[in-house]
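Undergrad: Next come the chains, spelled out residue by residue.
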Amino acid sequence: MRSRAHFGNRLLIILLVAAPVAAQEYDLLIQGGRVIDPANEIDAVMDVAVADGKIVRVAKGVTPDGAKKVVDASGAVVTPGLIDLHAHVYGYSGSIFPDDTALYAGTTTVVDCGGAGWRTFEEFKETVIDVARTRVLSFINIVGLGMIGEPYESDVADMDSEKTAAKMAEHPDLIVGIKTAHFSGEGWPAIDASVKAGELSGKPVIIDDKIFSNTGRHSREKLLDKMRPGDMHTHTFNDRQVEIVSRFTGQVQPYVWEARKRGVLFDLGHGGGSFMWPVATRAAAEGFYPDTISTDLHQSSIMGPKSDMANCITKMMSLGMDLPDAIRRSTVAPAKAISKFPELGTLSEGSAADIAVFRIEEGVFALMDAWKKKRLVGKRLAPILTVRAGAVVVDREGLSVPEWQEAGDYVRVP
Amino acid sequence: MSGFLKVFRGLGLLALALTAVAEQPVIYDLLLKGGQVVDLKNDRNGRFDIAIVGDRIHRVAKNLPAARAKKVVDVSDYLVTPGLIDLHAHYDVTGAGLSLNPDHNSLRNGVTTAVDAGTSGWKGFEKFKTNTIDRAQTRVLALLNIVGAGMYGSGEGGPENDVNQMDVDAAVTMVAKYPETIVGIKTAHYQPSDWEAVDRAVKAAELSNTVLMVDFHPKPGRSYEDLILKHMKPGNIHTHFYGRLTPQLDENKRVQDYMWKARQRGILFDVGHGSGSFWFRIAVPAIKQGFLPDTISTDIHKSSIMLPHATLTNVMSKFLNIGMTLEQVIERTTVNTAKSIRRRDLGHLDEGGIADIAVLELERGRFAFLDSGRAKHIGDRRLTAVLTVRAGSIVWDLKGLAAEEFSNVGPYSNFK
Chain A
1 MRSRAHFGNR
11 LLIILLVAAP
21 VAAQEYDLLI
31 QGGRVIDPAN
41 EIDAVMDVAV
51 ADGKIVRVAK
61 GVTPDGAKKV
71 VDASGAVVTP
81 GLIDLHAHVY
91 GYSGSIFPDD
101 TALYAGTTTV
111 VDCGGAGWRT
121 FEEFKETVID
131 VARTRVLSFI
141 NIVGLGMIGE
151 PYESDVADMD
161 SEKTAAKMAE
171 HPDLIVGIKT
181 AHFSGEGWPA
191 IDASVKAGEL
201 SGKPVIIDDK
211 IFSNTGRHSR
221 EKLLDKMRPG
231 DMHTHTFNDR
241 QVEIVSRFTG
251 QVQPYVWEAR
261 KRGVLFDLGH
271 GGGSFMWPVA
281 TRAAAEGFYP
291 DTISTDLHQS
301 SIMGPKSDMA
311 NCITKMMSLG
321 MDLPDAIRRS
331 TVAPAKAISK
341 FPELGTLSEG
351 SAADIAVFRI
361 EEGVFALMDA
371 WKKKRLVGKR
381 LAPILTVRAG
391 AVVVDREGLS
401 VPEWQEAGDY
411 VRVP
Chain B
1 MSGFLKVFRG
11 LGLLALALTA
21 VAEQPVIYDL
31 LLKGGQVVDL
41 KNDRNGRFDI
51 AIVGDRIHRV
61 AKNLPAARAK
71 KVVDVSDYLV
81 TPGLIDLHAH
91 YDVTGAGLSL
101 NPDHNSLRNG
111 VTTAVDAGTS
121 GWKGFEKFKT
131 NTIDRAQTRV
141 LALLNIVGAG
151 MYGSGEGGPE
161 NDVNQMDVDA
171 AVTMVAKYPE
181 TIVGIKTAHY
191 QPSDWEAVDR
201 AVKAAELSNT
211 VLMVDFHPKP
221 GRSYEDLILK
231 HMKPGNIHTH
241 FYGRLTPQLD
251 ENKRVQDYMW
261 KARQRGILFD
271 VGHGSGSFWF
281 RIAVPAIKQG
291 FLPDTISTDI
301 HKSSIMLPHA
311 TLTNVMSKFL
321 NIGMTLEQVI
331 ERTTVNTAKS
341 IRRRDLGHLD
351 EGGIADIAVL
361 ELERGRFAFL
371 DSGRAKHIGD
381 RRLTAVLTVR
391 AGSIVWDLKG
401 LAAEEFSNVG
411 PYSNFK
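Chains A and B, in that order, give the protein sequences.
Residue numbers for the first sequence follow my numbering, so the first one is 1 and each next one is one higher.
Residue numbers for the second sequence follow my numbering, so the first one is 1 and each next one is one higher.
Same shape as in the complex, but just chain B (with noise of 0.2 Å):
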């Protein structure tokens, strides 16, 4: 055999070599299998399963061999979706007053991120992330308040009325300092009637460029048509746009033209439900002009959580009971909320992306749901998280479905 030859043959061994390690088959350590797939990033509507390798999304096609997994979850009965994104939440329990843990009104309602909307400014953060983010299960993220001390009060005298908390240059550095974790600034409950602290958080925005969240009281002087045609730029968010307190609708009931222009030039109306700010008589009639919302979000805190009960799917229910179709829901707390945050890595079933999967169940029959005027609309379908996988792990599962039954397990605690 000639030395060419030689090396020819050696090449084509390598090559059969890693063929093998390539081909050799992967153990799944979890397969999701035969659920309703709705993974709206990827037009992926139907019947798929999904292997999980560490905390990746390994491989999602139809038909995936069992035998190749550690564990197998039959998910056929469910829709299964990318782990929902709050856009608007509050979780800075050791912080401002308001807020809630994050773990178990997240994960329980198939919420794998969930974006505390300013909370903490950038005097108290580093407390919210060593108290919080940093030990809690669920991807909690943050809009920086423009007031250092955060949501400490909007009354007579309330540190969210002072302007001088709101330093743009030491919200910027905190920004900087956590871009993996602060996705962008909040501003809110601002009293006074100037355009101070909208300035001052779209300033603050725009040096991080990060994203602007505005929560907005409309004064004499200072009205919500300004705001959203003048003073927020294309990509901040108005949050609340169903509130009472927001001129959307005109006496007739019909969507104002300054919000279909402000939706033209690029501004996004986030829901941020909470206690005061969704109201069937407002939203109702929204929706039936088509006026939909480019985000779902709870507002989720101690009072919201009470009888308008806003957890992610509850309020996704909501808008699922009044005129939106489950795949228009399900697109605004997924890949359109990671949109918004300019976060691609989050929103989606990715091959290769990391497994954060939510597991709903769409329940029929007759339910009722509270807005935050406490009156109900009566609805015949709802959603429930039934198992929610965080990076890989299954963290909620609420009928058992990858447990074992106690008595085929044979001894275990400390029975022999």
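Bound conformation, chain A alone (with noise of 0.2 Å):
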């Protein structure tokens, strides 16, 4: 027995040596940018090493040798890959194939948010989650149908929390939670059977909730009675759905931050509709901010106000958060909030390899709300190079590969 555990201990011992020698195989190595990983609290110059999908070393001096490819970050900022908590890529009328709009903001993970119902699940799973490169997740709408326009989206009828449940059982790792939006129906049958699916299932509720006068609804009910910690309000800085500052005092509504402190969140959710800068200036000016970065993603969002991620956190830095406090919100928060930490939304050594690098950008820049209104600022966020599951899959800037006179008469280079 005494030899056996004896002998145990040396094969470890033996493996920990290994260890330093096998990970030198990178597929890639990002060397020498501001690494900002908020949930290791590390904000310094770094490299981050990439092998099989997966991060493998986060240091100061890793050595490049046998590394595949090397990415000089030098003055860029590195970070996870962003997590967009509110998309839209399927169902929606405006909901656009993922790909060329997210992994071009640094966005490696993005959550449907009600796109797909339990009756058109699958559809979604075919058509967009198993095609795009970006890591598409659901927020599925208890609506059966989901995000289809009315009168399907007010059809309380087809809010079934047990088969909507049941559909998340049969994909635990994709349906990340329970979305409602749009119902302008009376009273709280949407939200009470959105509540309900999230209690058979485990999972959050992300409340998108037009308030009406004469739905019988009411914000603060909503946010102090309705909705469990954990459960998220999105559109904060929207003044048509929940008024988190108060039209009459332009203050945050008392119940707002009494909501905040039992736990429910506040996704920004920025959206074409839902990101006013009266709204954003003055919530910003009592320290009220989104928890969760995300973009409300789709067609009008993108032309209009433009608003990915990169484009929402430079809109949070002008609103006074600083870049690790907006890295955070849009990576570790929004992980925890569906469950998905440490998996994604760090730097972690086993973490997903989704990397975003960016430059901070200076110049005069136009920032535009939902009013098409605009805010300039004197610097951005500027995505150049997002790697997901290990692969670069955006490089603006050619830092992944060679130039082409180098490279013979290549077919793919390496």
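It should be emphasised that the hints constitute simulated quantities derived from the structure, not laboratory data.
When the alpha-carbon atoms are kept at most 30 Å apart in a straight line, the in silico DSSO-like pairs for lysine-lysine are as follows:
id	chain 1	residue 1	chain 2	residue 2
1	B	K71	A	K379
2	B	K33	A	K379
3	A	K68	B	K302
4	A	K372	B	K70
5	B	K302	A	K54
6	B	K302	A	K340
7	B	K33	B	K62
8	B	K230	B	K288
9	B	K123	A	K125
10	B	K302	A	K125
11	B	K339	B	K123
12	B	K33	B	K399
13	A	K372	B	K399
14	B	K129	A	K125
15	B	K302	B	K129
16	A	K69	B	K302
17	A	K60	A	K340
18	B	K233	B	K339
19	B	K71	A	K372
20	B	K219	B	K123
21	A	K125	B	K127
22	A	K372	B	K33
23	A	K226	A	K336
24	B	K399	A	K379
From a predicted model like this one, the values you see are computed outputs, not experimental measurements.
Starting from the two chains in their separate frames, assemble the complex, guided by the hints.
TA: So this is what it looks like as structure tokens:
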């Protein structure tokens, strides 16, 4: 017995000694960037090494010998791939295929926010989730048919908590919560059915609720009585859904602070209609920022306010949030909100090698809100390179590839 | 006063009145002020203002009065061109799997007209039209695939290899049904080594009196030389001609004689950058020898949009950095492209014409451009679309040139 244990220890020692040698065979080494990994409280110039689709080392002075590809990131910012908690890549009429917008913004994970319901989820999986290079997750719509407009989205008969929870149980890794949106009927059936599905599945609910004067619903009751800690209110800087900032006092509503205290999360959900400078500047003046930064990505949000993740982070920085904090709310915070941490949202060794590289550009930039009003700022976060599951998928500066004159009769350069 | 004089005076007053109506100042909906206008169809390359009324270009002239315009946008730092035309795109987003959404991939890059190059055939075209073409802000035109099913695969047993799918009459009927939208025929990806796909597509284009675009994989017994000298007709377009599989250069990187001969007989050569059809090691020597593309296009789709970043402004920038002039690049994305699809209503800034306009920035700096082999070329100029006007409306405004600063506009949204 004793000698076997002894042998085991020796094996362990051999493995430990051997490990650094094996780790040098990196697929990719990103050198010399300012690494911001809020989950690990890292904000320093370091190297990030990748092998087999995972982060294998984050340290200073990693030797590049044996790395198949080396990217010089000096002067750039290296972060975990961003997680966009609110995107539309299926179902909704404005939804768009994610790769050409998300990956170009440094976003490696999008959560489709209610495009599919339990009836349409399989088609969503086949046509988008399984096809996209972007990691696509889902908040499943409490409406069985998903986000397909009226009258379907207000059809209480199609809000089946059990069937929704059953579909969630079939895809526990892909479906991370429940979405309810656009319900224009009276009372609480949509929100109640969503919370019930949340209880059955053990997952959070994300709510986009139009508060009309004739619905019999009030934001205070929703945030304080209906939502559970960990549930999310999206479209935080909108002024028509929940009135974060009172139109009468210009101040953040007391019940909003109370809801935050009890663990309700506030998600940005910028979109084409849910970010107004008058709201955002007033809330920020009181230190009320969204817990998670997200885009509500869809056709008109890209064309008008250009609100991809990098743009939203730039906006938050213009409101006084510092860069590491903005990265935290775009990586580890959303990962935790959907119970995907530490698999996602960090550069910890062993995590998925989803990485974003940015430059901080100086110049004059117009940041547009949903009303096409601009705010001029002097710096922005500009995405230049994105790594998804260990592969470079976006490279605007050609940092990961050789010049063609050096490459001979290449078919694909290494 | 005699009757005659009365009539005469009456006529005179009427003439005066008519003159007054004609001279009443027109209010411009939009005035693009002071840009460097490059409109090669009209031999313009200089500083002009452009006045827009409704969806039309009203006037192009120097010093148009700003006071007449509801909105004035100062574009004096930029180039102003006709809305760009991308001759080769894939936007049938609810059809075959390779397609992307048209609007943000076009309008953000100055493209106001995109030609879908055969993603759908006659069987799927109407679905494409309903789901995408009719809903897009971009003008999406189409080359109809000679394969009825469209681009659903050319692997073993794929419909793109199936001659029975190539129903000339059905294609011609569909073209005739949508003459405003379908500008021609496409054949692509055909793997068997006979000429059936090309010949049927040529026939469909002839019968429908439209243009043909060919994507061609040479095979033993089916040579590229025969394609462009014998099978294709003048005015037909070969796309992907800088591709790795197209024998456009000899072993000494000299442009083959048959390329020049084909050009002489009227065959058009389109870039169709894509994921596998633009190589610096091929394009640079060809351009050095003077073999320029007739049209510059992207072949934008799910894969080409990634590392090679085949957006039209980026593809134009590549050519700008390997020996072509700005005018040559703009010509091949506006007036030449419009001519190649026989759409003379597009590709220019004629007064009275549709107000599709691109405002482009020519940035100077150090930029990297990747080709289909993922090798890079370092260049010093890059074109970016700053503002795009489609049918008179500003649909893309990168720098907020037409937007007001929020703190200047007083209360808005629900704030009082």
